[in-house]
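Chemist: Each chain, written out:
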Amino acid sequence: MNNFWTVLGYTYMSKLKSKQFIISTIITLVLILALTNISKIIDYFESEEKVTVAVKDETEEFFALFKEQMSNINEDIHIVQTTEQEEELSDKVTEGELEGYLIIQQDDQALIKGLYKSESIADSSIANELQTALHQVKTFVAANKLDLTNEQLLLLNSPVQFDREALQANAKSEEELSQTRGMVYVMLFVIYFLVILYANMIAMEVATEKSSRVMEILISSVSPITQMFAKILAIALVSLTQLIVWIGVGYFSIKQNLETMSGGFFTFFGFQDTQLSTIIYGVVFCLLGYLLYATMAAFLGSLVTRIEDVQQMITPMIMFVVAGFMLAVFGLDNPEASFVTVTSYIPFFTPMLMFLRVGMLDLPLWEGFLGIGILIITIVLLAIFGAKVYKGGVLMYGQSGALKDIKKALQLTKNK
Amino acid sequence: MVLKLENVTKKFGNFTAVNNLNISIPEKEMFGFLGANGAGKTTTFRMILGILDPTEGNITWNGKKIDYSTSPYIGYLPEERGLYPKVKVNEQIAYLAKLRGMDKKEALKELDYWLERFKVPEYANKKVQELSKGNQQKIQFIASVIHKPKLLILDEPFSGLDPVNVEMLKSAVIDLKNNGTSIVFSSHRMEHVEELCEHLCIMHKGSPVVHGSLREIKRSFGKKNLIVHADFDVTFLKDIPGVVKSKMTTEGIQLQIEGEYVAEKIFKELSGKGFVRKFALEEPSLNDIFIEKVGAEYE
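First to last, the protein sequences are chains A and B. For the first sequence, the numbering used here begins at 28 and goes up steadily by one. For the second sequence, the numbering used here begins at 1347 and goes up steadily by one.
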């Protein structure tokens, strides 16, 4: 047990001190800071970017109204009236003096129509805003023509109410669902990254010790099983450390930016009403998923002789993770689909798909627990099997196919 | 502190790596474990260390089975050298020592002693990959003895070292032995084994072909070496009955003979033929015995 902590401590510290870890943590931190401060950053660049749009009002009556509407929508678009010829205007657009120009016309039925010309129509946001403003002008004019009062106009404009309700007594309300969806989505990502990133790290760690042949000394003083699990736990702690740093910095950064926002951090992500059970399930499935794939990565890593072969060896495993993630993302819109139900009981997909189901649907308790049970049993079996492969694998050099190697490794472990 | 291997057999599938091995190594003794490549030495070491389980038979140390609870008393220098290439010497020695139950402070103190002894005190803070191969070897040796093991397994400890460093390590090994460590020692260099070991065992294809004390083995081998240097042609000596093998050298001939009586016969043959500058009857070297017992099958 003592050696378990020694290996754990050493692996943890050496990972923490590694350049790779420090650099990846810092890069991600910069990204997080950039993302959480995105509005500030955008403001900084945008503030200087006031665009001018010339308006050629051929009807000669709506410009004032249009300009007023426009200023309500986006103050950064500067509207000027012009009487210049189109050719001069298009020259100005090409020179960059104008963003574009809008021609307001009236058709035979005295209805307003607009034509917006700019250098390219790829940036649709300005055009859309102009259209909205012009639409409002048109509504206003039409209402005037029909002699509608303001109340009548409001009535006409009010949006339709459309609610959805699930008939099942304890089904999640629509609002809850969309929040859960966000939460489930985030958790799926966390599981995905945790597994890919850190399982990879474990496989590399094992392969490095093996290829540098320090392994032979290690296994003569620590049992391979102790060593394997100490490593798995150490990398889990490394990932936890990394996550805590990231989430911590992200949290304070968002808080700094959203001082005025009521509710704070969790409202920001739409988590404030997420059921506690969903979060607990999320954490449990995250942990179990990590353990499952980490165990697999450890024994796969023990089979390779050279570090270069690690990727090749763990690719099939990564495929499982990717497949699980894809299934879960497709299943997000249709969590009751039978493919989701079936795959949620396949251990390699359970962490993501069962979590998706418990998060999105109202499953009876036993289904979630059955999923957890299946996972735990699989992990235990995999650990027993993996420890055997690991024990033999670390003594084995040279290479053949993965399956052959596993067979050979098991043979080395056998004592009969 | 006796290490006992009783009827130990290890099979990998249909392949028998070690076959019915019986060895006992007393305390304060250096035991030579010899064999051609692939003779089953490393497999035996791994079984002694408890990394592999024997298919049949028992390995005990002081009557107890060797497992991870005894690891603080055991040191191991594997044939394939391995250290963390990117970790500083003091860090990894402290780690490896800690795994053998030694605390960090003590380990660093001990490391200083050894680095000083091997005349490389400046390496404590260097990464292993910056050291030359021979120096990495010294570090590896330190890693295997730093926790003062009672049982030390040295698999080819002197390979890749220059003669000065070999002497340095050899004296360290002898000191350890005199301080009460039982040492199992494997080498392809017979003169090292002859110099260091009282008892030895030669493995061939998994089976022990020679086993016993060095003196005993040499005596029971019977054959002796006779070296003759003369001013006249001595080629005719190789046809004398009782000569097993002969090798022409620049100055004369080297013969392997069945026993002393053959030497007497040869001495008589030589008399009157001319001036004999050298006539020496020698004990067989371990090298001869090894080649005879193991190499014969290659011929």
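A few of these clues could be false.
Okay, derived cross-link-like pairs now, DMTMM-like style, lysine to aspartate or glutamate, Cα gap no bigger than 20 Å in a straight line [as the list claims (entries may be wrong)]:
id	chain 1	residue 1	chain 2	residue 2
1	A	K434	B	E1437
2	A	K415	B	E1437
3	A	K83	A	E111
4	A	K42	B	D1399
5	B	K1432	A	E111
6	A	K46	B	E1437
No lab work stands behind these hints, which were simulated from the structure alone.
Chemist: Give a verdict on every hint.
Modeler: Okay, the hints, checked on the actual structure:
1. K434/A / E1437/B: Between K434/A and E1437/B the Cα gap is close to 36 Å, so the pair fails against 20 Å, i.e. violated.
2. K415/A / E1437/B: 30 Å, violated
3. K83/A / E111/A: The hint holds at about 8 Å.
4. K42/A / D1399/B: Violated: K42/A and D1399/B sit about 33 Å apart, past 20 Å.
5. K1432/B / E111/A: Cα-Cα ~73 Å, so violated.
6. K46/A / E1437/B: 17 Å, holds
Consistency with the previously given hints fails for numbers 1, 2, 4, 5, ordered from lowest to highest.
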